[in-house]
Amino acid sequence: MPTPASSRALPAIAVDPTNKPYFDAAREGRMLIGLCKDTGKHFWYPRGCSPFTLSNNVELVEAKGTGTVYTFTVMRTKEPYCVAYVELDEGIRVFTNIVDCDLDEVKIGQKVKVVFKPTTGDSPPATMFTPA
Amino acid sequence: MSINGKAYIVGAFEHPTRKADNQSVAQLHAEVAYGALQDAGLTKDDIDGFFCTGAAPGLGPLNMADYLGLTKLRHFDSTDVGGSSYVMHVGHAAEAISMGLCDIALVTLAGRPRAEAMATGTAPRTWGANVPDDPFEMVYGRTVANVYAMCAMRHMYEFGTTSEQLAWIKVAASHHAQWNEHAMLRKVVTVEDVINSPMVSDPLHRLDCCVISDGGGALILAKPEIAKSLKRPLVKVKGHGEATKNQNAGYTDVTFSGARWSGPRAFEEAGVTPKDIQYASIYDSFTITVLMQLEDLGFCEKGQGGKFVSDGNLISGVGKLPFNTDGGGLCNNHPANRGGMTKVIEAVRQLRGEAHPKVQVPGCTLALAHGTGGLLGTRHGSATVILERE
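Residue numbers (the working numbering), protein chains in the order written: chain A, 1 to 132; chain B, 1001 to 1390.
Calculated directly from the structure, the hints in this document are not laboratory data. Careful: at least some of the hints might be erroneous.
Below, computed lysine-lysine pairings styled on DSSO-like, alpha-carbon distance capped at 30 Å [what the hints assert, rightly or not]: (1) LYS117/A - LYS20/A; (2) LYS1187/B - LYS78/A; (3) LYS1302/B - LYS111/A; (4) LYS1302/B - LYS107/A; (5) LYS117/A - LYS78/A.
All chains should be modelled from the sequences, with the hints used to inform the complete structure.
Right, here's the structure in full:
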């Protein structure tokens, strides 16, 4: 029997002065990722310093928004949901949910694309993924 | 500088309660501290070093030092890396003693998540405000269970590990727990029992998960001259290693743990190898935690953990590596959701020859205790100690 993704109510996201640009872009339907300009390497999660050099020579750049499932699990609560790490085409692995599909059919290596899901009140949407 | 031989564990006490309806957390700290002092043959005012974590009530060590009446302290440490903290505290206490910062150190842990009806593993929880990763994880329903489950899922994918192999870890723990009168789950279970128990978070079943319990424990470490003046068997700290592992800036690999780094540091300091270890206390928040740590500590090759744990290889008297002979977190207890303390205590029992006769490893002189604290698949602390009966 399939396990449809539930419409679990999503909590508000704690936006702070450093991560605000990421969430502002999410409101516009764009997924950003960190770029260290010292090394040219992408990083996750977005932050105000480079996790490679610790300098603040970083910026947020737009991701293609596509990737593959690196690993996942279906949390078998009353409203089941799928937690996953998705490996973006840019090479970084992002903590997320897989939604809008039969959760029993999710597979490691499966191709997925970004979707944005509303959270609580004025809080920005959550960056999630669905089968591509 | 090495701590090998510079400090001894002279007192150890595990609280017998598993549900503390009638004791506060502070009182539990007092009871375990008193128990460990009685075990060591020391008194409160002998203590000049104190170790606890953020799980202790109050600001660092301050409120507990007050409650316990510790008036002679000249060294304290509240390093908090979750359940692995207490294994790490053994190393830190040995370092402090070896440097003359204190002579007799007390380490305490206590908590009552069961009495407080805490959904430890299945409800999203975090550690305070302003945590920078929370905005990128909590909205996704991150729980303890699902972060460990993702490690198991990927381990199965890469190495062919099976649910049946993971189940053997629980089976072994249950074989040990049947002899422990304090254990929460004393019924011996089978591989089928585990894989037929309800799924919590694929591929982890209910019986792949540890218990939620109240209680706690305490340890006392002392410098060699003091240890040798006491009447208890001598348990020497021989080596210690610690590490943190995290998402590596997005280039994360969830198939290994920080034991890959803390383990070799401890073995090098102790001057021994995994094959010398006669008993191992291995953190068992979930079955997958045990399997990955065994691989990363070098008890078997990476990816071979499933084969290693199968067919009773972790059962005392049956397999090659007796583990968690008190029943561990999977069957005995997991006080305050932090299992590092009881890992050290059971290793001390084994080295003293004071484990239950049905699970005592004959002539046990070299033991390892290892902890993973925090979340295996996001960020965790890792601590390894190697202890020797002298």
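Verification of the supplied hints:
1. LYS117/A - LYS20/A: holds, 17 Å
2. LYS1187/B - LYS78/A: holds, 28 Å
3. LYS1302/B - LYS111/A: With Cα atoms ~28 Å apart, LYS1302/B and LYS111/A stay inside 30 Å; holds.
4. LYS1302/B - LYS107/A: holds, 23 Å
5. LYS117/A - LYS78/A: holds, 20 Å
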